[in-house]
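Protein chains in written order, with full-length UniProt numbering: chain U, 1 to 155; chain G, 1 to 155; chain Z, 1 to 155.
For the record, the hints were derived by calculation from the structure and aren't laboratory data.
Keep in mind it's a predicted model, so treat the numbers as computed, not measured.
Check the hints yourself; a few may be wrong.
One copy or any two copies: either way a pair holds, since identical chains are not told apart in the list.
To be verified - Calculated pairs, BS3-like style, for lysine-lysine (alpha carbon to alpha carbon, straight line, at most 30 Å):
no., residue 1, residue 2
1, K88, K55
2, K88, K108
3, K88, K19
4, K55, K78
5, K108, K78
6, K55, K108
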Amino acid sequence: MTPEDRLAALGLTLPTPPKPVATYVPYRIVGDMLYLSGQGPRQPNGGYSVGRLGKDATIEQGYADARTVGLLLIAVAKDALGDLSRVKGVVKLLGMVNAEPDFADHPKVINGCSDLFVEVFGEAGRHARSAVGMGSLPNRMTVEVEAILQIAPPA
Amino acid sequence: MTPEDRLAALGLTLPTPPKPVATYVPYRIVGDMLYLSGQGPRQPNGGYSVGRLGKDATIEQGYADARTVGLLLIAVAKDALGDLSRVKGVVKLLGMVNAEPDFADHPKVINGCSDLFVEVFGEAGRHARSAVGMGSLPNRMTVEVEAILQIAPPA
Amino acid sequence: MTPEDRLAALGLTLPTPPKPVATYVPYRIVGDMLYLSGQGPRQPNGGYSVGRLGKDATIEQGYADARTVGLLLIAVAKDALGDLSRVKGVVKLLGMVNAEPDFADHPKVINGCSDLFVEVFGEAGRHARSAVGMGSLPNRMTVEVEAILQIAPPA
Ligand SMILES: [Ca+2]
């Protein structure tokens, strides 16, 4: 079962990644490593899920938003690789939560992204990570995640 | 003198790393790189040293906590590698301090981890790093550090 | 046209990077990767541009400060490599903005660094990145950026 098959079995469709309107790019490949730019919980209308954990966004919302971010990261990987079977492993995530100073449950939020990676890539989707609280995030979005993946050459 | 010898000479015993109860893992190895998940100042009772620099935690406490984090990162590396002599170099730390907006002394806190790495690994322990202030951290802990190490294959 | 030529054409002179007075170093090389420690907007007098976006620093100031940080990162790369033509690509930036909780324009700030990298390195300067808001930064500086570059062996 390929990652694309698993996405279909989960009823998930890859979104179209936003095009950066600046001098950065959504990804860079170096040897067998794919570096993915940070992504946020982009909604079908092009806006972002906004809010702050511990204030006006629940852990459930944060978890769902982190899953949305994970799907966007996978969409960028698909653009980069053509074929998601080239993902040999998810190496490292930096999971960033927009949260109040006394918020303490960042891991429960970022699990939304981590869980999706394991659902789609199986054991290869298990990764090192940090799940931490930011002072603020672009567009006041709830969560942002950046990722490093190990990849195989094109078949 | 091996890193294990140096730990013994410093009177330090490696703690047992916590087992993640989720879809992430404490480390990932890719080629000659070891990526370590962020760790916090875990106490012998299983809890974490909590507080916020610039509010209710002193720089001395933060330094001690960062040293505790460093020892935990070394314990995870030992689990991953079997033999700490396989550490060829500490490449990069991201040192994250739970701090008030006007706190300015993050480097003095993260030095607790950086200093330990040099005590244990010698010159190979010197690393690139950033030492910065987070809006919040899991469990309200004082400090979290993630690391990338360069490693040799098993002997 | 070499990166050094482009710097000269832009009227830019590389600053002297600060020497870390601790157990970390400004950079580490592993294989074909150059890891650069986080740098801040150091001023000619040795101090830092301080302030908080959304409070007492404008986006224009933040952009200029991020450009100053970019020049310092390039100066460290020059120290590390001798010859900036050895930079094969800018792989990844973590752009960290000292900002109020409701600040939303982090990308506009970090573009100061990203734009400089493209001006100096051309297409090879385009990179993956995250541009996010910190709770605080060392010396209360406005912005800090760390970077990973892909490099070629010495000629
Ligand atoms: Ca790397």
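Hints, one by one, checked against the model:
| no. | hint | result |
| --- | --- | --- |
| 1 | K88 - K55 | neither (38 Å within a copy, 44 Å between copies) |
| 2 | K88 - K108 | within (26 Å within a copy, 34 Å between copies) |
| 3 | K88 - K19 | both (26 Å within a copy, 24 Å between copies) |
| 4 | K55 - K78 | neither (35 Å within a copy, 40 Å between copies) |
| 5 | K108 - K78 | both (26 Å within a copy, 27 Å between copies) |
| 6 | K55 - K108 | both (16 Å within a copy, 26 Å between copies) |
Hint compliance for this structure: hints 1, 4 are not met, and every other hint is.
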